[in-house]
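Asks: Going down the list, the protein sequences come from chains A and B.
Take the first sequence: its letters are residues 1 to 220, numbered as in the working numbering.
Take the second sequence: its letters are residues 1 to 219, numbered as in the working numbering.
Derived from the structure by calculation, the hints contain no laboratory data.
Where a beta carbon is used, it is the ideal one built from N, C-alpha and C, also for glycine.
Hints may contain errors.
Stated by the list, open to error - Listing some non-contacts, in silico: residues in chain B with all C-beta distances to chain A over 12 angstroms:
#1 D25
#2 V90
#3 P130
#4 Y133
#5 R206
Unchecked claim - Here are the computed lysine-lysine pairs in the DSSO-like style, where the Cα-Cα straight-line distance is at most 30 angstroms:
#6 A:K187 / B:K197
#7 B:K197 / B:K180
#8 B:K180 / B:K50
#9 A:K38 / A:K187
#10 A:K204 / A:K187
#11 B:K180 / A:K187
#12 A:K173 / B:K197
#13 A:K173 / B:K124
#14 A:K204 / A:K173
#15 A:K187 / A:K173
#16 B:K197 / A:K204
Said to hold, decoys possible - Quick partial rundown of chain B residues pointing at chain A, CB under 7 angstroms, derived from the structure:
#17 R22
#18 T49
#19 P104
#20 P111
#21 G152
#22 R198
Take a look at the letters that make up each chain.
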Amino acid sequence: MRSQIYAWNSQAGTAWTNAQTGTATSIFIGGFGNNITKPAETTATQFVVIEDVAVSPTAFLFSGPVVNTIYRGVANGAENGVYGNRGYIQIRINTTDYFLDPDNVGNDGIPGAASPYPRSTDFQPCFNLYPDVYVLPGQVFDALVTTYQNGAFLANPAVAASLANNGLGAFMKYTLYDGPDALIANKLLEMGISINPGNVDWYKRTLIQSQSAPAPMPTA
Amino acid sequence: MRSQVYEWSNLATATQASTLRRTVDAVPQLVPINREYDIFIGGIGNNITKPAETTATQFIVIEDIACSAYYGGAVQVRINTTDYFQNPDVTDQSGVPGLASPYPRGSSDQPVVDATTDYTQLLKSFDLYPDVYVLPGQVFQILYSCTTALVGAAATNTIVVSAFVKYTLYDGPDALIANKLLELGVTINPNNVDWYKRTLIEQQQRSRVAAVATNGGSA
C-alpha cells in the first residue's frame, strides 16, 4: 500500500481560461492544466481509498471594488465581492457523482472555501472527507473542478501557481492498495471494517497468528 | 454512507434573487435583517428544488454548521418545526453566530479589503457535538439570519455572505443500522455503523458454527 497524491495546476500544459468557467472539468483528463495519459481507474488487483480533496480557496467580501483587487493573495475577477475562483471539486466514481444536494441532485462538490488548497492561516479547512471514498477494483474515478468566477488567469502565467493571480489548483490524497493488500481491503469491506493502513496491517497480523497457532490435538 | 456538504451564498443573477444552479460572476443579493432564511429554499442565493428532507430509507447526521461572521450572521437548525438552539429560558434565538463558527475558516469578522484593517483570522469556538440527527421522514432547515443590513461602505456595495453545512447521509441498510443504534443509545457515526455490521456478521458466523455442531459436523 502506498500513500499517493495528485496535484493539479490549471496553468500547466494547456492553460485554463475564463471560457471554462461554469464547466465541470476533470483534473486527470480534462484537457486543461497538467493531465495524465488515461482515465484514472483501478485494475482488478488494486483498491483506492480517497482521503482528501481540495481546491483553490474563495473569500467573500462586498461588491464594488474594481476587477483585480487583491485580498489575501486572491483577486476578484468581477466586481461582485467574490475573491478567488469560487471553485468546487466533485468526486465521480464510474458515472456517479459522490456529493449530492439534500434533494438528491448532484451538486458541484466541495467548495474551495471549505477545503482550500493550499491551506494557510487565511484559508483554513472546515471539511474532512470522512468516511473516505472507496474505489473498488475495476472502477473509474475522477475529480471534477468547477469554477463560477472568472479569474485573471492569463495576466501573469509565470506566477499562476501561487494564490496571487488566482492560479486555480486542486489536490487529491489517496491510498493505493495493490496485490495482496487489495485482497485484504476487499475482505475488510466485506467485514464492514474501515479500510486504512492500520486495519490492513491488523488483518495481516491475524492471518499470521492463525497460521502460527499450534495444530489441534488429534482425538482418539 | 456518504459525507456531504452544502454551501449557500447570497449570490444570484442581476434579475433573480435566487437560482437553482450557481451562475458565473453572480451578484450579491440583499438579505433583509432579523429574518431567518432557509439556505435550501429561502428564495435568496443558490437554492435546491424542494425542502431538505429524509426519505423512509435515509438518516442524516448534521456534523457542522457555519456562516459568515459579518454583521451578526448566525445559523440555526430546524427539524420539522422545532429550532435546535434555544435560550436558557426556552425562547427563540438565532442560533450559532458566525463569530463562533466562521465560514470560511480563517475569514475576518469585517468585510474589508484594506490590509491594514484586515488583521483578524477567525478560528472556530463552536463544535457541533453531539451531532444533530434527522430521522427518516423528517424535514430539516438551516436558517441564516443577520442583524445588520448587508450594505458596505458605499450604498451600492452589497456584502457577500455564505453558510455551510456538513452532514453524513446514511441510506439503505446503513439507515436501518443508524435507527438501531439510536434505539440502543449508541452515537451514530461511520465507525459505530461499521461496528454494528461486524457484530451482525460475527453473530451469523457463530450461529452457523453452532448449526454445524448441532448437525454432528455436517453443514
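Asks: If a hint holds in the structure, say so; if it doesn't, say that too.
Replies: Tested hints:
1. Not every beta carbon of chain A lies more than 12 angstroms from that of D25 of chain B, the smallest distance being close to 4 angstroms; the non-interface claim is violated.
2. Its beta-carbon lying about 28 angstroms from the closest one in chain A, V90 of chain B satisfies the requirement of being farther than 12 angstroms from that chain.
3. Every Cβ of chain A is farther than 12 angstroms from the Cβ of P130 of chain B; the closest lies at roughly 17 angstroms, confirming the non-interface assignment.
4. Listed as a non-interface residue, Y133 of chain B keeps its Cβ farther than 12 angstroms from every Cβ of chain A; the least gap is roughly 15 angstroms.
5. At roughly 15 angstroms from the closest C-beta of chain A, the C-beta of R206 of chain B stays outside 12 angstroms, upholding its exclusion from the interface.
6. Straight-line distance between C-alpha atoms of K187 of chain A and K197 of chain B comes to about 14 angstroms, which keeps the hinted pair within the 30 angstroms bound.
7. Our distance criterion of 30 angstroms between C-alpha atoms is met by K197 of chain B and K180 of chain B, whose separation comes to about 11 angstroms.
8. Restraint check for K180 of chain B and K50 of chain B: the C-alpha separation of about 28 angstroms stays at or below 30 angstroms, so the hint holds.
9. At most 30 angstroms may separate the alpha-carbon atoms for a hinted pair to count; K38 of chain A and K187 of chain A meet this at roughly 28 angstroms.
10. The hinted pair formed by K204 of chain A and K187 of chain A meets the criterion: a straight-line CA distance of about 11 angstroms does not exceed 30 angstroms.
11. Between K180 of chain B and K187 of chain A, the direct Cα distance comes to roughly 25 angstroms. Compliance with the 30 angstroms bound is thereby established for this hinted pair.
12. Among the hinted pairs, K173 of chain A with K197 of chain B is consistent with the structure: their alpha-carbon atoms are about 27 angstroms apart, no more than 30 angstroms.
13. Distance restraint check for K173 of chain A and K124 of chain B: the Cα-Cα separation of roughly 25 angstroms lies within the 30 angstroms cut-off, and the hinted pair is therefore satisfied.
14. A distance of roughly 24 angstroms separates the Cα atoms of K204 of chain A and K173 of chain A; the hinted pair therefore holds under the 30 angstroms criterion.
15. Taken as a hint, the K187 of chain A and K173 of chain A pair is honoured in the structure, with Cα atoms around 23 angstroms apart against an allowance of 30 angstroms.
16. With a C-alpha separation of about 21 angstroms, the suggested pairing of K197 of chain B with K204 of chain A holds against the 30 angstroms cut-off.
17. Hint status for R22 of chain B relative to chain A: holds, with the closest Cβ pair at about 5 angstroms, below 7 angstroms.
18. Hint status for T49 of chain B relative to chain A: holds, with the closest Cβ pair at about 5 angstroms, below 7 angstroms.
19. Nearest Cβ of chain A to the Cβ of P104 of chain B: about 4 angstroms, under the 7 angstroms cut. The hint holds.
20. Hint on P111 of chain B holds. Least Cβ distance to chain A is approximately 5 angstroms, under the 7 angstroms limit.
21. The restraint placing G152 of chain B at the interface with chain A holds, with a minimum CB-CB distance near 4 angstroms, inside the 7 angstroms limit.
22. At about 5 angstroms, the closest approach between the beta carbon of R198 of chain B and any beta carbon in chain A falls short of 7 angstroms, and the interface hint on this residue holds.
When held up to the earlier numbered hints, the structure conflicts with hint 1 and nothing else.
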